[in-house]
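Student: If you read the sequences in order, they're chains A and B. Sequential numbering from 1 applies to the first sequence in the numbering used here. Sequential numbering from 10001 applies to the second sequence in the numbering used here.
Read the hints as simulated data drawn from the structure, not as lab findings. Bear in mind the structure is a predicted one, so any value in this text is a computation, not a measurement. Be careful, since some hints might not be right.
Said to hold, decoys possible - No farther apart than 30 Å at their CA atoms in a straight line, the calculated lysine-lysine pairs in the DSBU-like style are these: (1) K10822/B <-> K10767/B; (2) K10767/B <-> K159/A; (3) K10822/B <-> K26/A; (4) K159/A <-> K26/A; (5) K463/A <-> K10822/B; (6) K10369/B <-> K294/A.
Said to hold, decoys possible - Computed from the model, here is a short list of chain A residues facing chain B with C-beta under 7 Å: (7) A46; (8) V251; (9) Y262; (10) Y326; (11) N462.
Glycine residues also receive a C-beta, built at the ideal position from the N, C-alpha and C atoms.
Each chain, written out:
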Amino acid sequence: MKKILLLAAIIIPLISCEKLLEENPKSIASETFYNTAAEVEAAVNAIYYPVGVSQLTNEINLVEALADYEYGKGSLSYINDYIGFSSANITNMGYLWEAYYLMIRNANLVILNTPNGTGTTESQKNQYIAEAKFLRALAYFHLVRLWGAVPLRTEETMKDIDLVRTPVNTVYDFIINDLLFAESNLPDNPRLVGTPSKWTAKTLLADVYLTVENYNGARDKAAEVISSGKYSLVEIRSTEDFVKIYGPDLVTSTEEIFYFKYSREYGLGFLNFLHYPSDGYKPYGANYFAHYTKAGHPFYLNWDNNDLRKQNNFYLWDIALGNDTYLFKKFIDPQGFTNAPNDWPMYRYAEVLLIYAEADNRVNKNPTPLAVEYLNMVHRRAYGYDTKVSSPVDFKIEDYDEDSFFELVLQEKGYETFDEAKRWFDLLRTRKAQEVIKETFNIDMVTSMLLWPIPVGETGYNKLIGPNNPGY
Amino acid sequence: MKKHYPLGVNFTYSLKKISKIMRIGIFLLICGALQTYAIDSYAQRTRLSIDVSNQKLITILDQIENESEFYFLYNEKLLDTEREVSITEENQLIGVILNELFSGTDVIYTIIDRKIILAPKYLSEKEEQQQITISGAVTDALTGEPLPGVNVIAKGTSNGCLTDINGKYSIVLQDRNTILSFSFIGYSSQEIPVTDQTVINIKLAQSVSALDEVVVIGYGTIRREDLTGSIASVKSSDISASPKNNLSQALQGLASGVLVQQNSGQPGAGIQIRIRGTNSIQGSNEPLWIIDGFPGDQSMLNSTDIESIEILKDASATAIYGSRGANGVIIVTTKRGKEGSTKVEYSGSYSVQSVSKKLDLMDATEYAKLYNIYTKEKQGAEYFTQDQINKFGKGTDWQDIIFRNAPVQNHSVNISGGTTKTKFSVGASLLDQAGIIQSSDYRRLVLRANIDHDISKVFSVSFSTILNRTDRKTINETNVTRWTLEAPPTVGPYLEDGNYRLLNTVYPFSPDDLGNPVAYFNEVSNKNFSNNVMSNLALTIKPIKDLSIKISGNASNIDSRSDSYTSTKMPQSSSAASIGTSNALQLNFDNVITYNKTFNSVHNLIVTGAITYENYVYKNVGASGTGFLSDVTETYNVGSATTIGVPYSSYSDWTLLSYIGRVNYSFKSKYLATATIRADGSSRYSKNNKWGYFPSAAIAWKFSEEEFFKNVPIISDGKLRVGYGETGSTSISPYYTLDMLVSGKVCLADKLYTFFAPGTRLPADLKWETTSQFNVGLDLGILNNRIRLTADYYIKNTRDLLNTVQLPRSLGYATTIQNIGKIQNKGVEIQVDAALFEKAFRWDISGNISFNKNKIVALYGGQDIKGSIYSVTVDNSYVNVLREGKPFGAFVGFINTGIDETGHFTYKDIDSDGKLTDADRTWIGDPNPDFIYGLNSRMSWKNFNFSFFVQGSQGNDIFGLTYIHENFLYYQGFNTLKEVLYDHWSPDNPNAKFPKIDYSMTTKYSDQFVFDGSYLRLKDIEFGYNIPLNNQRASWLKGAYVYASGQNLITITSYPWWDPEVNSMGGSNSVNQGLDYYSYPTAKGFTFGIKLSF
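I would like the entire structure built from these sequences, with the hints used as guidance.
Tutor: Here is the structure:
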């Protein structure tokens, strides 16, 4: 019996070990976060996380294949028939939807939790919230242009599982509100290169106003950015100089207003899909190309051969589709190993100048000298001239009226932002997509391609999502 | 439980009643030479005290039985049990007591193990008159070891004897027409006509059907006849000798209710086991493996290390494992030492394996013809000129390049033995297996030791340890097999200058992602190793009679490391290295108290109580880099990389605290009952849901013990079992209920910055997932147990199913987990074992068949759970769906309605909206088999053995993702089956199997790619020969057996791709069942082996 008691003495301590069942993970709980400035910054950084994933960079693939100036290859070639999207395209669109909404969730978390922080000052709080609101606005700006009415997840509605689609106008109002807050609370200089300043917010606001055809607003915001003196065009003398805007090792430039940033490390690379194996522009990695064009493509054909941008953008490479095939080399990384670190220009100063030119032309129903000058600054540089001195390639104000000047600016923007995922949005915004596709390819594009299908990951689980976009 | 067996006058009656134990018989006493034979050690170490006066002999015998493990065998007619005796002995050996008990009578006794046989002396005196002397030796058929104590009886007489310690016997008979019967507990009896032989040597085979076989159950053992639950047993002798790198493989087809599916043929690849169907969506569906009492990894052991395997299937058996038992429990017992002379066994084999089937792909000429058809269609001109085609010939057979004849060696040595106090078993083994695809192999070393030692009457200690080293070299099987099958046969792996050919740039229509498999083999290496230790120490205390307390501790430690290196010579790649190491430490602490008491000779009670503590800690760390100056450093100088990856590390742990109770009760071994309860506290669940309670109860009725049944001559044994119980599942990973932030990096300002954010799974309060199971079983022994049948019917319901619930993606969270949902499995299992012939020619056959029907009863909000999306360019969708009312992982897809006038497939527009949308996908297949079966046949005659093992699955569908990808995307430049060229649509061939060869994306996931995955496979066939040994010359060698065997030589199936045994996306909780997507194919092989015992 004694032995049994002895054993009981060994065993019984175990019984009181309920504490053993408490979990103590070696990671951070959300309940205790968002207090210090460093913590909130780490939470703000999370909003940029989707920027680095291929689901988001794939936006370039999709919208550039839709644009009129090149051809897609592989699953993207289906888009160039303009008879609808393939299931692979639709799946990729779904991933993009998820990536933007992940940005929005992470922004909402910052907007919701930062005010309760105990270790941050009021102005710090406002600055972080402003950064989150800027990024949330940017995400919604992309969503609303591609999908139309979308569920509006705000810090208040972020936990409602089922949520109706908000009309397009309301989404734009929301975007503008966020940007107005951002504009007045973001710092004069960005927290880090790649994060927004108040000038970045004004630039995005200008683009949003242009999209909603508030030309006064667009012109005024563009004018504020231009007159701030914070930015200038990078001067170009030869095609070699383009690395100062798009190069893999570039940190920033005077022209950079807002770029999505990429790195060779940690899988945070940009564009693994523009170059052919062993073409020398990106020697390593699973680099196969997603787009190409042909010598006979109207956009290529009509582009002046003396334009340095054209010389810089294309290289002849026979990918067994004929020796008149061109691949694109705006973004090259000749020393790269796996991931390309080239950055994705969201907003360059050149675009602000063009936004001013377009909006001002609309406000005044005619090109003004300043509008023409801003256009010419961009155009001069493309030919290697000093941007601030008039040049032989300058456009003359007397040659244009409102409509033709608008066409001219749009065309210039196409050349300037080639491969930067701008063209399709411009064609949508100006309602010229079907017309341009018809002119270029002689194809009547099906209208369902103008608004993408809401992905199955949303329609399947959001009971209030309502009918999908027309054609799906 | 009544232990003593008066031998009745009616001999046949007695035999039927207690079967083999009886056969030991009283007759040995007649054998003069053996009268003093008593080698038993139990008798030598057991001391008893007795103090009675004027008691009946029967009472004294009862008392001895109650206080010891001895039991008496005698003929009631011949022994005067009413005789009154007085005896006083203090702490004496049984022999002394028996001498005194029977002094002055004509009764003599013999002790064999725990049996004491009592008989009058005159019986033995009779045999003096016998005429013919027959002698010989009895050995174990498997090991060749001598068997002492075997009963040798002249059939139809009372004349018999026992074999001696060397297995030798000598018996004197009256005439040569006698049939000699050899019987031994645990072995099948044999009967041999004497005729004119004088020496008869016999090999006895162990029988599975022995009645007093002990079965290992959770936290204890029980006699098989007292079982109330559904437990299948696999003996080491059932496991075929052919090389296996996984014990799971060895179980395939051997036990009913156990579905074993390999996910891939790659050596060391995952094997999926489902016992009685799939219970869980979120959690693992793999059974719990218990090795020598503790949770462990079965891949640590070689099949030669195994003594026995018990598979616990119903809840009455598994409930003792509570939250770990929902998927069934597989208990592995490794070899342990036995008292007696030291035994050394060596077993070695050499096999050669090769791919079981090659696919009939186009040769170079055919390839060129096909792509000429395509380019003519697409561009208006043929790509290859006739001149080029003429020169191509057969071209390169890429399958021949990657496949090889792969050798496999398996060697093991086991040494065991022991004295009365100490027993040991140690073993070492080496398995060295090359994969049938180059650059893949598997090597495993195992060292194992078991020591059992009795410290005193009260204390005993046992120690077990397994050391394992596993080295694997693996390939990315999906890529390698895909590249091999897709590669154009018109070119080889190398360019003229000796560099690797870039297969994605050969033709304009070459696919972007087609790699060169030869470059991969030569320039990419993926190696990993693990060092595994599993050690446990147990102290057993028997402070008083009937009570046993076992305190044991176990540590399992796994250290593993993986090294991947891509060399600088790999085309289209910079060099890259990555290393990952991890450590997993599992500690267990078990305290088990068992009280085992028989009351009034009829009530037996076993009460078991236990407290167990389990803790698991996992840590890992890894680093990587790309861009190396030289390949010399491989992964061993990652710091020299041009670009250094961000290192990672992580930690997780969980704890399980359990209280366990069980009562086994039996009345006269006729009415049996078991009740268990286990309370589990898991760290993984939410604060108020940490504890789960898992009860079970079962009763069994041995109706063959009833008086009214004893006149049924055919049925020798019969038992009916009914049980119900609940088990749980710790389906969630640690920290799943906590709102944790995950970290990562973002790039800003040309640097990496750290971020913290929630993951994409929304945490929720969670509780236990519970599986309840009802089981009815019948065990029958027919014709003196020569045929044994076990049949079970079960219904399993899993409730509070932990489900991954999809959320609208706009939420930013993709999923959450909810305790909502139900799954049901029900089925029937039948196992039959028969000894068809038991004489010189022996034929044992055992077969099993299992039917399981799985149904998803309820899901969160009725919401489907979709499988992963697989993209094969033409279609891009999920195939498997979980939906209420449907079986687990059923396939959805379109219905093919033929080929239209343009040569393209058409599909049924189910919702008639004029478009093919997701709404037109319907049910097209079910990956779950209707039934699975196995048949094991063993024949032996003289020294020859012949056995074969057939196994199969019926009614399961396979969705051929590879088949679509390979044969329906010809515009991508893939090689395809020859059929595509010879049977594609054209105006002249409107009813073709394949559509028009052009650039169109009309092919969809549809019923035409659902194949019947049924198969019947000759898994193993073996011819063996026991080499007769001349003991004079090589007395050190006790047995030698050589064999030749074949694995997977014949497969009957209609499945058109490599092999029907495929489940590419399988896994412990994979929804994506029954898919074939570029998997490493199954091998067939030939093996030569030898087994020696010393």
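Student: Of all the hints numbered above, which does this structure not satisfy? Sort the numbers upward.
Tutor: Numbers 3, 10 - these are the hints that the structure violates, sorted from lowest upward.
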